[in-house]
Structure formats: structure tokens, C-alpha cells
Amino acid sequence: MTQQDIADTITLEDLDTIRALPVRYANAIDAADWDGVRAVMAPTASFIAGEDSFDGVESIIDMTAGALHGLDASQHFISNVVVDVTDAADGAATVTSYLQAQHVKEGVDGGATFLVGGVFTDQVARGHSGWQFTRRSLRVLWTEGNPAVHP
Amino acid sequence: MTASSSAAVNGRIADRRAIERVLYDYATALDSKDWALLARTMEPETVFTPDGFAPLEGYAAIRDAVSSALEGQRSLHYLTNVEIELDGVRARSRCSLQAQHIRVGTPGGDTLIVAGVYRDELVARAGTWRFVRRSLQVLWTRGNPAVPLGKVAG
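For the record, the sequence lines run as chains R and D.
According to my numbering, the first sequence holds residues 106 to 256 in order.
According to my numbering, the second sequence holds residues 99 to 252 in order.
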């Protein structure tokens, strides 16, 4: 594919919208804003975290809400967002981003914070609701702090 | 794409970049103690509400509070997770913050991280985006609480 082909079908605003998806997802889950998650994920999207796999946005929301329930706060820091357009004509791209997620719960024996660092590798597609994730995969590379905060 | 819709798209992208720049300029102003730059990020009537404190009303009150908070230390305000909603000449934004505060020689450790979320309202007057309202919600801290933060967390 030539640069001209991409320019004909993927605009700068498309790239801006795609680049914003990992951040919108992170901000939504930190705010327990599940409609915000539905806005950025296709209904049939899948989420792979290590050995675990979740199919469908509602299953992903159940898993995420359960994992974050009871925390005083979480903060998913996203950086290094890279977009590779894989199919300009049909509207598909691969997105990678780095994550540092802080989890806070006061009063837990052994410390109040647990930090998780990793990499998201995502597939996104342009559908009826605009650009959305169709697949997210999280690879955790390191943790720091008290795992009892976020069992 | 028509020329006019292309111009509108470029305008929206330019607005987002300009607003991001205001967020970063505010951080740079704090970290370099450049109060002239801080003044350029906000309208004179801006209200800043730091978590747990009464609203600071107007540029002078904001400058006095943050300069006092950061006196005698270095800082780095790391910003990520920027989201911007445009509404004509008004906009809302939110970004995540991890602010490292460094005061060498503090008993118990030299550093304190304050992490949270800035939520902002901006206006474009004469084509220049500036804050009119800013709040900081603190989510967590890590490090030595003895590293002083003065009256507000910045």
C-alpha cells in the first residue's frame, strides 16, 4: 500500500481518534464509567490478559468492575501510543501502548499500593459506532508493591 | 473530502493541540517556576480548586499558592491520558498527573509523588486557549510525606 492510498481513506482525524482509544478506555475504567467502556469497544470485542480471555464487552466490563471493586482508587497511566494502519480501505489498525496502573486501598496489611506495568496490543476497526477496539491484549511485565491490594 | 470540511477537521485538530499545549505549559511553568508562563495559561478570573482546599480565585491567588507550595524544591509534573471535548470556543479537558517533588536532604527521603486528575474548562478568546477553571483530584501519594508541599499540591 502506498502513502497515497492511506491518505485517501484514513484522515488525520481518524488517527487522532484511534490514538485516543487507549486513554479513553483507561479513564473510563478509573471512573467506573462503563458506558465510556461501551463507547470504545465493539460489542463483540475480546480481551486477553495472560491465560485469561474474555469475549464480549459485557464480559470485559464484569471482569474489570470485579477487579477494581473495593479499591479506593485506580489510575491507569497510558503512554507510548503507536498506531499502525493495517487496512486503510476497510478501516483497521493495530495499536500498542504502555501501561502503568496504580491501585490504592488504604488499610491493607503490607502497604496501600500495587503498581502494574505492561503493554497493550490492540486491534481496532471502524464500524457503525466509529473507531472501536475489537481485541485488547494486555501483557504484564512487572509489578511493584503489595499484591494484596489487587488480588 | 471538501475543502471546507477539511478546514474544519484541521481546525479541530489544531484546537486540540493548542489545548494540550496549555496543559503542558502549566506543568512547565510550575516545574521551572516561570510565573509569566503560568499567567499565559489562564484567564485572570480563573478559579483553581485543589483537592481538599478552598477554591483559589484569580491568577494572583493561584500563583501565590503554587509558588509557595513549590518553594525550595524541584518538581516534575508528568501528564498523560489527556481527553479533550471541544464545544466551539469552549472546551473541557482532563489529564492524569504524577508530580514528583524533590527536596534533597529531607530526613526520611528526598521525594514525594502526588498523583491525581486535573479537570479543566478552557475558553478561546481572540484565538488563544486558556484555562478558566481547573480542579485537581488527588488519588494517591507515594514517598516521603515530609517533603513539604506548602499550602497546596500544585
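Keep in mind that the hints were calculated from the coordinates and are not lab data.
Computed from a predicted model, the values in this text were never measured in an experiment.
Among these hints, one or two may not hold up.
[Claimed, not checked] Where chain R lies over chain D, by a calculated footprint (3+ residues, C-beta under 8 angstroms):
(1) 108–122
(2) 135–147
(3) 160–171
(4) 192–202
C-beta: ideal position from N, C-alpha, C; glycine also.
Now for the hints, and whether the structure bears them out:
Figure legend: the region 108–122 of chain D, annotated as covered by chain R; annotation consistent (4 residues with Cβ-Cβ distances under 8 angstroms, at least 3 required). Under the rule that three or more residues need a Cβ within less than 8 angstroms of chain R, the assignment of the region 135–147 of chain D is violated, with 0 such residues. Evaluation of the coverage hint for the region 160–171 of chain D: breached, as 0 residues show C-beta separations to chain R shorter than 8 angstroms, against a requirement of three. With a threshold of 8 angstroms between beta carbons, the proposed coverage of the region 192–202 of chain D by chain R holds, since 3 of its residues qualify and at least three are required.
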